[in-house]
Structures are given as structure tokens and as C-alpha cells.
Amino acid sequence: MPAAPRQLEHFPNLVTMFFTRAAEKGDAPFLWAKWGGTWHSTSWADAARQVAALATALKAAGLRAGDRVMLVSENRPEWCISDLAIMAAGCVTVPTYTTNTERDHQHILENSGACAVIVSTQKLAKVLMPAVLRSQARIVISFDEFRLGQPGSIDFHDWHTLIAEHPTDPAEMAKSATMQRGDLACIIYTSGTGGAPRGVMQHHGAILHNVNGCCTVISEDFGWEDEVFLSFLPLSHAYEHTGGQHFPIGLGAEIYYSEGLDKLASNIEEVRPTIMVVVPRLFEVLRTRISKAIEKQGKLSNYLLDRAIKIGGKKAAGKRASPLDLPMKLVLERLFRPKIGKKFGGRMKAMVSGGAPLNPEVGVFFESLGLTFLQGYGQTEAAPVISCNRPAAGLRHDTVGPPLANTEVRIAADGEILVRGELVMHGYWRNEDETARVLKPDPAEPHKGAWLHTGDIGEIDAKGRIKITDRKKDIIVNDKGDNVAPQKIEGMLTLQNEIVQAMVFGDRKPYMTAVIVPDPEWTQEYCAKSGSGCNFAKLKNDHGFKAAIGAAVERVNKDLSQIERVRRFILADEPFGIENQQLTPSLKIRRHVLREAYGERLDGLYKG
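Numbering follows my numbering, with no gaps: position 325 of the sequence shown is 423.
You can take every hint at face value.
The list that follows gives simulated cross-link-like pairs (lysine-lysine, DSS-like), each with its CA atoms no further than 25 Å apart:
hint : residue 1 : residue 2
1    : K132      : K441
2    : K397      : K437
3    : K417      : K565
4    : K447      : K123
5    : K441      : K413
6    : K361      : K447
7    : K440      : K132
8    : K427      : K437
9    : K413      : K565
10   : K586      : K656
11   : K447      : K427
12   : K273      : K123
13   : K437      : K447
14   : K686      : K607
15   : K440      : K408
16   : K578      : K607
17   : K638      : K705
18   : K412      : K561
19   : K644      : K627
20   : K417      : K561
21   : K441      : K397
22   : K565      : K656
23   : K408      : K565
24   : K586      : K561
25   : K644      : K390
26   : K390      : K441
27   : K394      : K440
28   : K157      : K273
29   : K397      : K412
30   : K565      : K686
31   : K656      : K412
32   : K656      : K408
33   : K132      : K221
34   : K447      : K561
35   : K586      : K417
36   : K413      : K427
37   : K440      : K427
38   : K437      : K413
39   : K390      : K586
40   : K441      : K427
No lab work stands behind these hints: they were computed from the structure.
From just these sequences and the hints, can you work out the full model?
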């Protein structure tokens, strides 16, 4: 008889969950970071001592229960320890992106009313400090030593010194953690695809609800063992904050902090994670890289990849394998998939995609290579996971799976997805109007809490799986009143080898147009074959270059309806990036920024 699935205990708050796991795990490794070319670990026991000491230091500095503390840092062990210590002191964490501008920091400091700031490096402090000096914050704590100039009225502290000067028994600190599940844990400012960021109030119970639901998926569908996570997405994003930090803590897992996108592939091979949470854009990049690497390995490898994808496509569509597929499946299992699996560490249980819609073709691709691929769905307002694909429910990559345990989901009359349960936020910080717009109690069941109006359009299939069709606010309405889902078209465009990024345009227009970013590797190959120099300014006027991009667009158009087809396009001046504000930190395109940058040229495509 197989062992019964393990259940997560019912914890009163996130701090208690951490100290409970730390007491169980003791000197076992917990947090890993790489410096000097070597991975170094912080044990559970040592992390608990640091959390307890820093919490005591925050109280000694005058912070009181409910005070907001801003946390500005890249992913590293100190981030996790600081977040837990802030909550252990009864305070509220306000995570912010390392890519924030001074203006972004100013808005969040003023809106949250943060009275203290924890920052990691001199580089981040340089952008942050002008905003701090204009704010009500009077305490700044730094991980690294750096020169801050004349402090004025700011009280500066060294993070490591504070911990050394306030030794505290973790067991005693655990006893003093009296927060309840309904108490505020953090205010996470949504990066937003338009407008000023809003502070989402996530309470302890909301995140614990998510952790319980995710632990249930792992326990029941894969088996709860000694798990290893590789943290890559920014911890200031709700998806990583819950999925890459508190979920692993609930599992008693080890967390490795990636060195960055350029080292991610090598980090995966070194760390050999069992679970990874990432955004669709990363999977699209990995798919392209794997495909190109296999292309260079010769005819046999290309043939095996083609057969693997065809067999995987049949499985995804619910079709039976043909008799000829069975021997090929054995060949793939022995000769092809182990090599791919090794590139992902060799013990990956599941890769979980969330934060934005995923093109089903990408999911089929990875499943075909023998990697279990789960697409999740959620919002910061729901802490953030609402649902997740589950092998036990039958994997369908055109769905985002059934809701998490104890989560109610229903479809409104206009197709909008509504969510109810402990995972739903208490509202937007100091923004009653926006809170009332998205949180609406059911008059017939007011005791059950408000329904979160997600702004997503979808449906629920016969097996209880949610299928997202589009965002309400992202739907393009053409001049004839037809609705067009831009994300679907953009996803199909970026699956072409020639195109790395795209934004579709056409609201109140007669047809669809697009801004396209050519794939840099394909561009280099084009230049080498054509014998022309790779000066992009000149390439934009190269007839052959534009014709090749146009051919890729036409391939996509063949699979689109008349109203969805992209009739004309322009080439972007530069890639969409976080630095130029054209992508959010979770790699979603900022449509309003792109429209501002390219609107006049796009309008020009409709003239004449």
C-alpha cells in the first residue's frame, strides 16, 4: 500500500510555519547562494537564529506591530531572512522591484507609509535614497557595506551587526509570534500593464491557503519528498514570493538562488532542482534554444524531436497512439529524453508556469521531451495562485487546471472568472474605490466573503479545469465591433524562429497590425547568409529582411481567422525590456508604453 499523501499542518501565521520547519530540519541546508564559484548554504537552524535576532533588532529600533518595512534587494538568502524577520516583529513587508525607478520608490514609500527600509547594495541605494530622504522613513538597514554620504535624519544600520548585537532564542521568538491568519503579512505592489502600481494587501491566511493548495498538488500527484527549488523570478513578485519562498518553506525544501538569466542553464544542471516556478517567456526562450541546439545535431536528432512532438501532440489532444508510435516511444525513452532530462538536472518533478498565459504548443513541446509541465493561473490579488494543472486531473495544456483546494471559482454571465476563498486579498492599500470595483460580496452569502472579479474571461470544462480565453481589458475591439484576443496572436507570432517579441494593435481599426522584434540569433544567421552587415538600422530598410519577417507573419496568419490576421507590421527600434519600461518585471508587455512609443507609426499603417 502506498503511503497516504502528507497534509500541511494548519498554521496560524507564516512565521510559525517557518519556525516549525526550522525546528524539524535543524542543521540541514536551507538557503543556498553562489559566490567565488562555489555554492554556500545557510542551515535551517542558522536562518532561524538570524530571523529571531533581526526581529528583536527591529523592535529595539522602535518598530511596532503593523509598521510597514520596505525591502529592496535581489534574490539572496538575506531577502528571505529579512521578510520573515519583519513579520516575526509583527510588521508588514513591502517588497519592491530592483528595477524600480526613483519615482517608483517614491510612490510606494508615500503610499505604503513605510517607516523603515532594508536595502542590499550601493547600486540599489543610489536610486532608492533620494526617495527615502523625501519620505517619512527614518530607518535604513543595509546588507552590504557602502558609502551613503551625509545621513541627515536617517538612522543607518548594518544588517549583520544588528543580528550580532541582538541574539535571540528562536523558540522564544516563535512563541511571541501571535499573528492570526487574517492579519496583514505584506503589501505587494502590482507592476501593472498600465497606470500607477496598487498595493495588494495579502494576509497570512491568504499565502498559507496558497501554500496548502500547492503542497496538496505535490503530495498527491508527485509525492512529498526532500524537494529542491531554484529561485529565479524576483522575490518582489507575488508568484515567486509565495511559490518560490513560502511554498518551499511549507515543504521543508532547500532553496537555491540563481545567478541570473545568463547562468540559469548551468545553475539548473548544478543544482538539479525538483521543482521550478517560472514565467512563460522563459519557457519560450528555452524551447527556441533547445530546438536550435537539436537542429545542429544532425538528421537523426531532428527526426527524433519531430516524432516526439507528434506523439506528444496526439497525447495532448486525447488521441490514442498508433501501433507505429509504440516502438518509437521506447526509442525516445531510452535514447532521446534522458539527454534532455539531464540538461534539467535529471530529477525535475515539475516545471510550473505562471504569471502570464502560455501558448499550449510550448507545453506540448516540453511534455513531448519527457518533462512534466504544469501551467498555473493566478493574480497578486489571490496570493497569487488560483489553479494549477494536475496530472491526476488529466493534463490539458489549453487549460490552467482545477482550482486549488478550498478555492471557489465560478463564471459570471459575461464570462468573467470569479474567485472566492481565504486566498482573496483584503483589498488594495488605501484605495477603497478600486477595492470595491474588484471585491463584491454575494448578498445571498455575505458570510462567505467577497468574490474577486479577476478581469479574466474563461470557462470551466467537464473535469473542473479552468480555461482562460483572454483578459477583459486586453481584448481588442475592431471598427466592426468584433473582439480579438491579442495575447493569442502574440503567442503564435513569437513561436516563429524569426520573431522574439510582438505586440498586436488594432483597437477600433479595420484590421490588425503589429510591432515586431526580430529574433537576434535568427538575425545573425540572416546576415551571415546574405553577406550583409548586421547594422539593425540598415536591416530595417533591407527588403529581404522585412520579407523574411513577413513570411513568418503569413505562416501565423494561415491559422488565424480573417479578423485576427496581422495585415501590416513595423519593426521595433529595440527589444521590449524592463529597463525601457516596455516589460513588467514579470515579463508582461506594457501595452500603454508600447502604444506611446509606436502609436504614430502604427496609425500610419492604416493610411493610404
